[in-house]
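A.B. asks: The lines below spell out each chain.
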Amino acid sequence: MKLEDLRKIRERASKDLNLRKGDARVHVVIGMGTSGIAAGARDVMAAFLDEIGKRNLADTLVTQTGERGLASSEPVVEVRIGGQPTVVYGEMTADKARRVVVDHVVNGNPVSEYVIEVRD
Amino acid sequence: MTRRLDVLVCSGAACVSSHSAKVREALTQEISRQGLGDEVRLVETGCMGPCELGPVLLVYPDGAFYIRVQPGDAAEIVEEHFLKGRPVQRLLWEDPEARRIAEKRKLVPFFEKQSKIVLANCGMIDPENIEEYIAANGYEALGVAITEKTSEQLIQTIIDSGLRGRGGAGFSTGLKWGFVAREESPTKYVVCNGDEGDPGAFMDRSLLEGDPHSIIEGMAIAAYATGAAKGYIYVRAEYPLAIKRLRTAIEQARHEGLLGERILETGFSFDLEVRIGAGAFVCGEETALIASLEGQRGTPLPRPPYPSTVGVFGKPTLINNVETWANIRHIILHGAEWFRSVGTDKSPGTKVFALSGNVCNTGLVEVPMGTTLRELVFDIGGGIPGGKGFKAVQTGGPSGGCIPAEHLDTPIDYESLKALGTIMGSGGVIVMDEDTCMVNIAKFFLDFSCDESCGKCIPCRIGTRQMKGILERITEGQGRPDDVGKLRELASVLKATSLCGLGQAAPNPVLSTLEHFADEYDAHIVDHRCPAKVCKPLIRYGIDKSQCRSCDVCRKACPVEAISGTPGGGPYVVDDEVCIRCGSCADVCPFGAIHVAAGAEVSVAVPGNGAI
Ligand SMILES: Cc1cc2nc3c(=O)[nH]c(=O)nc-3n(C[C@H](O)[C@H](O)[C@H](O)COP(=O)(O)O)c2cc1C
Ligand code: SF4
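Quick note, the sequences are listed as chains A and B, same order. Using the numbering used here, the first residue of the first sequence is number 5, and each one after it goes up by one. Using the numbering used here, the first residue of the second sequence is number 4, and each one after it goes up by one.
Hints listed in this document are in silico derivations from the structure and should not be mistaken for laboratory results. Just so you know, these numbers come straight off a predicted model, no measurement behind them. For each residue, glycine too, the CB sits at the ideal point set by N, CA and C. Keep in mind that the hints are not guaranteed to be accurate.
To be verified - Output of the computed footprint for chain A on chain B, the stretches with three or more beta carbons under 8 angstroms from beta carbons of chain A:
#1 6-18
#2 77-89
#3 253-267
#4 323-336
#5 462-474
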């Protein structure tokens, strides 16, 4: 192994430590309260994790939060990118989640049909 | 599938002994029961620091810090937090003063005032996984050193950084490297001193357990800089987990071509071996360590010659402490200037301390040099438990001394501590509350040095025994008027004539307590009193007539039938001749009628606040 090879290992392995650094570019926050889970939030979470994994988006963090009083729109998902306003999506499904990853997380265009709220 | 949670389970020795493995098993089960196996990963790490709160868990990315987790808590943590995102409040770290729940690690005062350089990886990465170490910039310093730097450049960087040996004496690390590099010998060695024999010290053990690769990397850099091809890590047999993790780390480093022949495909070769010591304090002394490492009896030799000229198997040898080694890669990566920006002018960098004794947050801490003792004990340590008053802080173990309250604002650095009659030592810090007898503490350390004296030279072998004998009779109430003078005289002989640092420094605990707590020696010798009510032959148990209700509980509790009386029939009495001062009666009396007096002459009948 040469120094370059060591650096390659580091590049690959450091993705494994990203969760512990807490400096991600994109935060995806999924509402996992009881009503969120009842409405299918687990599938939505799984779809996000799968799509993000497939696309190797090391700078994207997926976390959960509890009930937020938007019960009629569950599952609810927030996407925060850098300094941009927070986009809140409602009535999410696994398919919608995959589209949010492609359009919003990767290409930077919020999927307006699913948006229920935009916050600064 | 991407992972979304890393759950760091502390596997430092303290958490292991509080059954962190059972907690880990329970968590693993619950995680798979909830089907979260792909999303949540458990990582075993080295010591996170706050040892008396164990088992502890740290959850990333949200930073929730769980303490005293029991296997039975696993289901709730996994369902509520890992699945639903609601941290279990009752298990989160609670600040004892503000009574607020601190969710994030950075909000916990224990961590707030610390700055982790050496310990940055401890409790953060899995010490048995070389890839995690590499990800945390591991082996980059070694790579840069052996491909881009010359020996002279590296040594100059270490000199410029001002790094001083963390094993106790504080000698310039860079200069020492230079001495070994200068020697013309085809065979040289580098050695890691992991003996760590001070009572109450566990910094080096935690580093070896929590970040073994950082020691290997530091040693490899030094080997390149000084021209050594072989190194030894000397660890005491009482540290089995450290030994296991070191061996795993060495194996992994060899496998990746980071140890062994032609490291990173350069011309530089270096390999390491772990040597296990039997755990004698004197084997931490460098010449004794070398003898022990060679398979001989571990006794010191006169210096000079220093190990840098005549060391392992008679060859030039560079020996540094575990924590010294752990600093090297950071200095090579970030430069001497950066290192000097932390700490004080004469003592740059940080120091790791093991806080123990009468302090709320015992555990492992890392602070910049120059932090005051007050910050260490009260801000980071959380002060004295049980509403007790502070009395003293002991640094430097059996070679150090006690610092009283009036010097709490002293900055921690080599020179300031020396001026107070103690030493930095390897980093053990023992906090003592008002119930501590300083003569007894001096006796404890002298007893330790006397036991650990290798016996090679007379001043230490006989002198420590004599000093111990005098301290024993003082604490037994048999002290003589000239005992303090005799202690001082013996101390100066030991300091001046002992062969090694053990004997030379053994009197320090006595001298420093004589300096700061002379009145306690007087109380023992002249008044036959132990003001802290610790020394058994001096204290007296008595029953306050006005408070005793003749309930018979104390009589039953006394193991030696020293208490007499009949239920309902007048106050009970303790027979001082029979009493063994075990305190069982005072523990059980429901009316607080049993008092301890500091000495024989004083009456015990002071209701309410006891005898004085
Ligand atoms: C009695 C005695 C015990 C010692 N124990 C240790 C020890 O446990 N660990 C250690 O690193 N140094 C210990 N030392 C200091 C070593 O002799 C030596 O100075 C040190 O390992 C040098 O490394 P450093 O320059 O990195 O501090 C001890 C010294 C004496 C006199
Ligand atoms: S000072 Fe004590 S420990 Fe050191 S060589 Fe002499 S007898 Fe041995």
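A.B. asks: Look at each hint and say if it fits the structure.
C.D. replies: For each hint, the structure was consulted:
no., hint, verdict
1, 6-18, "holds (count 5)"
2, 77-89, "holds (count 4)"
3, 253-267, "holds (count 4)"
4, 323-336, "violated (count 0)"
5, 462-474, "violated (count 0)"
In summary, the numbered hints that this structure violates are 4, 5.
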